[in-house]
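So the chains spell out like this:
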Amino acid sequence: MNGQAAQGAWARWVGGTHVFYAVPLLALAIPLFANQYTQFVVNLMLVYVLVAVGFNLVLGNLGQLAFANTALFGIGAYTASMLMVHAGWPFWAVILPAGIVGAVAGFLASVTALRGIRNYYLAIVTLAFGELLRWIYIHGEAATGGTDGLAVPRADFFGIALDSETARFYVFLLIVTVIVKAVSNLLQSKIGRAIVAIRDNELATASLAIPTGRYIVLAFTLSGSIVGVAGSLFAVLIGHVAPESFGLIELILHFAMVLVGGLGSLFGSVLGAVALTALPEYFRRFPGLYEMFFGGLLIVFLLIQPRGLAALCAKWWPALRDRYFRDR
Amino acid sequence: MAALLELAGVSVRFAGLQALTDVNLAARGGEIKAVIGPNGAGKTTLFNAISGYVPIAAGAIALNGSAIHGLTPHEIAARGVRRTFQNGGLFAELTALENVLAGLHARIDASFAGILFGTRAARAAEREAVIRARGLLEVLGVSHLADRQVRAMSGGQQRTIEIVRAVAAEPPLLLLDEPAVGLAPPVCAQVIELIRRLAGEMGIAVLLIEHTIDLVMAAADVIAVFNGGTKIAEGPPAAIRTDPAVLEAYLGHG
Amino acid sequence: MYFLQLTLSGLAQGAIYALVALSMCVVYRATTVVNFGHGDLVMAGAFVVYLLVVLAGMPFLVSAILAVALLFVLGLLIEVGLIERIKSGPHIGFALMCIAFGYVLRGIARAVWGREVLPMPRVFDLSPVMFGDLVVTADALVIFFAVGVLLMLFFGLFYRTSAGRIMQAVCQSERGAALVGINVPTFHGVMWGVGAALGAVGGVLVAPLTLLHPALGASFLIKGFAAMTLGGFGSLAGAVVGGLLLGVAEQWVGFYVSTKLIDITAYVVIILVLALRPNGLFGRAVAERV
Chain A
0 MNGQAAQGAW
10 ARWVGGTHVF
20 YAVPLLALAI
30 PLFANQYTQF
40 VVNLMLVYVL
50 VAVGFNLVLG
60 NLGQLAFANT
70 ALFGIGAYTA
80 SMLMVHAGWP
90 FWAVILPAGI
100 VGAVAGFLAS
110 VTALRGIRNY
120 YLAIVTLAFG
130 ELLRWIYIHG
140 EAATGGTDGL
150 AVPRADFFGI
160 ALDSETARFY
170 VFLLIVTVIV
180 KAVSNLLQSK
190 IGRAIVAIRD
200 NELATASLAI
210 PTGRYIVLAF
220 TLSGSIVGVA
230 GSLFAVLIGH
240 VAPESFGLIE
250 LILHFAMVLV
260 GGLGSLFGSV
270 LGAVALTALP
280 EYFRRFPGLY
290 EMFFGGLLIV
300 FLLIQPRGLA
310 ALCAKWWPAL
320 RDRYFRDR
Chain B
0 MAALLELAGV
10 SVRFAGLQAL
20 TDVNLAARGG
30 EIKAVIGPNG
40 AGKTTLFNAI
50 SGYVPIAAGA
60 IALNGSAIHG
70 LTPHEIAARG
80 VRRTFQNGGL
90 FAELTALENV
100 LAGLHARIDA
110 SFAGILFGTR
120 AARAAEREAV
130 IRARGLLEVL
140 GVSHLADRQV
150 RAMSGGQQRT
160 IEIVRAVAAE
170 PPLLLLDEPA
180 VGLAPPVCAQ
190 VIELIRRLAG
200 EMGIAVLLIE
210 HTIDLVMAAA
220 DVIAVFNGGT
230 KIAEGPPAAI
240 RTDPAVLEAY
250 LGHG
Chain C
0 MYFLQLTLSG
10 LAQGAIYALV
20 ALSMCVVYRA
30 TTVVNFGHGD
40 LVMAGAFVVY
50 LLVVLAGMPF
60 LVSAILAVAL
70 LFVLGLLIEV
80 GLIERIKSGP
90 HIGFALMCIA
100 FGYVLRGIAR
110 AVWGREVLPM
120 PRVFDLSPVM
130 FGDLVVTADA
140 LVIFFAVGVL
150 LMLFFGLFYR
160 TSAGRIMQAV
170 CQSERGAALV
180 GINVPTFHGV
190 MWGVGAALGA
200 VGGVLVAPLT
210 LLHPALGASF
220 LIKGFAAMTL
230 GGFGSLAGAV
240 VGGLLLGVAE
250 QWVGFYVSTK
260 LIDITAYVVI
270 ILVLALRPNG
280 LFGRAVAERV
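Protein chains in written order, with numbering that gives the first Met the number 0: chain A, 0 to 327; chain B, 0 to 253; chain C, 0 to 289.
Honestly, the hints are just simulated from the structure, not real lab data.
Heads up, the beta-carbon is just placed ideally off N, CA and C, and yes, glycines get one too.
Be aware that one or more of the hints could be misleading.
[As the list claims (entries may be wrong)] Interface residues of chain B toward chain C, partial, derived using beta-carbon atoms under 10 Å:
(1) A1
(2) Y52
(3) P54
(4) P72
(5) T211
[To be verified] Facing chain A, according to a computed beta carbon distance under 10 Å, are these residues of chain C, among others:
(6) V111
(7) G253
(8) V289
[What the hints assert, rightly or not] Pairs of lysine to any residue residues, derived as SDA-like cross-links and limited to a Cα-Cα distance of at most 25 Å, are as follows:
(9) C:K259 / A:K180
(10) A:K314 / B:A151
(11) A:K314 / B:H143
(12) A:K180 / B:T118
(13) B:K32 / B:L246
(14) C:K86 / A:K180
(15) A:K314 / B:R147
(16) C:K86 / A:D147
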C-alpha cells in the first residue's frame, strides 16, 4: 500500500485501542435523544451486530458457505426462553447457557469437517442440520411451544428490571462490546490467522502443522456461541420466540448483512448490521418484498461492490484496514 | 550417521498410473540433495508422498526412525517437515509478514483463553513472533515487503516469501519444490546462499526439486535423478554429470 | 400387500426427486457450480404452469411445454447475466449469487400469490390402473412415463450423440474443450438452461400433486441434495438412483415409524451419508485428507 510510512504514526494512533472503545462510549449517549421506538431499533441493531459478527467468522474469515446461522440464532433464543419459562431462571443467568448451547450446535453442524468434509458438502450438512433444528422447535410441543412458540417472561439483569428499551440498551451494549472485543483479539491472533489461512489455501495451511479440520470446527463453534448469545438477547427484546423467526427466509438477511458489510471484516459486520437492521420493517406489509429486496441487494453488491461497505470505508481510511478490518 | 528421512521401496499409484516405483531415498541433516528429472518423472509426487498428501501403495517412509507414511499432512508437518509448493502455496490475501507468522504458528505460545481475553502473556507471545518474523524477512532482504499483500507481489518475491515461511520454524527436514523458478539471477544466488546456510549452519536436511541445472550443480551436495517414477542414479554432481544413464535420459535434453 | 403399494408411491415421488437431482447434477458437472437456487427454479416451473393453467386457462400440456421453455431461457439468462459476471471473484460469490436469485424468485412467487397455498385442479382425469392388488394412480403413471422417457432421452443424448460428447468433453476439461474450439461460455449458458428446464419438468409434474407455496423451492433443494449425496455427488446415475431411494425411504419411514418424520428423512440421509460414507453409492472421493 502506498504511503505506508507516512501512515505509520497516524495509523498507530488511530488503530489504537482508544478508537475501538470510542464507539461504545459515544454510543452511551444514544438514549439521550432517542425515543422508545428508535431505541428498540438500536437494540435490535446490537443483536444483529452479534449475528453478523458470528456469521462472518464462518462465511468471511473461514470462507465456508454455511446455512445454519438462523438455526443457531434460534437455539440460543429457545435455550434462553425455555430456561426462563420452564425453570424460572433470571435473564442474566441464561445468556451463558445460550452461548454454550449455540457452541455445541455449531460444533455438531461442522463436526463432519474432522473427517475431511469440506466446501459444498459441508455447506449442505449445515443446511440439513439447520432445518433439523427448526423441525425440533416445531415438533417440540411441550418444551418449545410448537408453532406458536413461547412468550418470554420479564427479564431482569441482576435485579434491575429490563422493562424499558433504555435499560435493555445498556445491558446489550455491554455484552456486545465485550464479545466484539474478544472476537477482535481472536482475529488478530494466530487463531484468526490460521482460520483465514485455511480459506486461502488449506493444503498449504496443513503443511505448517496446523490441524485444519479442528480449526474449521473451532470457527463454527465460536460462531455458534456468538450467535447463540445474540439469540438470548433477541428473545428478551422481542418477548416471544417462534420457529418462523429462525428459518430459511430470515437467512437472506444474515447473508446480506455479512456481504454488504464486508466478508471477513469485523468492522464490516458492524456496518452491515447497522445498515440493514431497520429495513425489514418496511417490507412486512408486502408479501415477497422482503425476499426480493434482500436477494436483489445481495446480487447488486456481488456485481458492483463484492468486498462490501467496509472496503469502501477502507479506501478513505486506510488505517482502519490494518487493525479492525481483517478482511484477510 | 543415520539418515533423518528414509524411504524404502516406496511406490505410489493414482488414476491408474504408477507414479513412483520402488523408490529408495534418504535425506541427512546438513546435506542438500537435489531431485532432478524430466517432467512427469514423479518428483513432486515424491514430495507429496513424503509430506503426506498422497498415500503410498507400498514401502515405508520413516522420519527419525518412526514411520510417517499414513499420517495426515499436518501430523507429518508437526514432526518437523516443511515444504514449498510447485504452484506457490502462499496465502494470497495475507501480507508477507502474516504468511511468515503462519509459519510460526506452532511456536507462538499463547493459550486460547489468553488470546480471547487479550492477556499480557498472549500479546507478548504475538509480539515476539512478529519480531522474529520481521527478522527472518530482513535476513533475506525482503523486509520491505513485510506489510504488502502477497497478491501484489511478483512471482519471484512470492517464492522467496514462501521459503522464509517454510524455514521460520527451523524444520529438521525441508522440501523445496522448484524454489528458483522465475527468479532473476541475483535473487537466485541469494536463495542458493540461504539454502546453503540452512543446511550448513542449521543442519537442516534439504531436498530440492529443480530444473535449472546450473543451480543444481552449484548448490547440491548429492543429486538424485528420476525418470518414469524410478530413481535411475544418485551421487555427487561430478559423478552425475558423466553418468551414462542420466545423460541419456535427461541431461542430454537439458 | 401394502408394502408394495407404499414402495410404488415412494418410487413415484422419488422419480420427481430423481429429476430434480439430475438437473442439479447436470449443472454441477457442466459448470462446477453447485446451484443453491435450483430448488427455486423448480418451484418457478411449477408456478408458471399454475399461472398458465389456472389464470390463463390453457391446457396442461401446452402450459407444461411453455413453462419448461421459459425456465430454459431463465436459466440461460441467469448464467450469462449473473454468474459469468462474477467469474473473477471469490468462489463463495457464486454460491451467494445462486442463493440470492433463488430468494428473488421466491419473493416474486410470494408477491404474486400472497400468503396462501394454492391447489391446482386435477389434471389427469384418468381412473387408476390396477396391477393385481396394486393401485397405480394416473399421476404416478404420468410421472413414471414422463421421467422414464426423459431419462432415456437424456442419457441417450449424453452418451451417444456429438452434442453429448461435447458435454462430456467440457465436463472433463474446460481448457481442452476450449482449445478444440468449443465455446465454453455459451456451453455454460446452455447447460444452465438445460438444468433449469429439466428441473422445471420436475416442477411441472409435481404441480398437480402438491399444494404449491413459495417455500417449495427450499424443499426441492434439500431433496435434490439428499438424492445427490446418497447417490454420490457428481454422479448422474447416482442422482437418479438416490432420488428414487429417497422417495421410497420417505414413504417407509412415514408409514412404519411416523408421518411427522417424512420431512426430516432427507436431512437425516444427508447427515448420515456424509458422516459415515461420504462417497455415497457411486461417487468419487469426497473427503479430503489434510
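Hint check:
no.	hint	verdict
1	A1	29 Å, violated
2	Y52	8 Å, holds
3	P54	8 Å, holds
4	P72	6 Å, holds
5	T211	27 Å, violated
6	V111	7 Å, holds
7	G253	14 Å, violated
8	V289	4 Å, holds
9	C:K259 / A:K180	44 Å, violated
10	A:K314 / B:A151	17 Å, holds
11	A:K314 / B:H143	22 Å, holds
12	A:K180 / B:T118	13 Å, holds
13	B:K32 / B:L246	19 Å, holds
14	C:K86 / A:K180	35 Å, violated
15	A:K314 / B:R147	16 Å, holds
16	C:K86 / A:D147	44 Å, violated
Going through the hint list in order, the structure does not satisfy hints 1, 5, 7, 9, 14 and 16.
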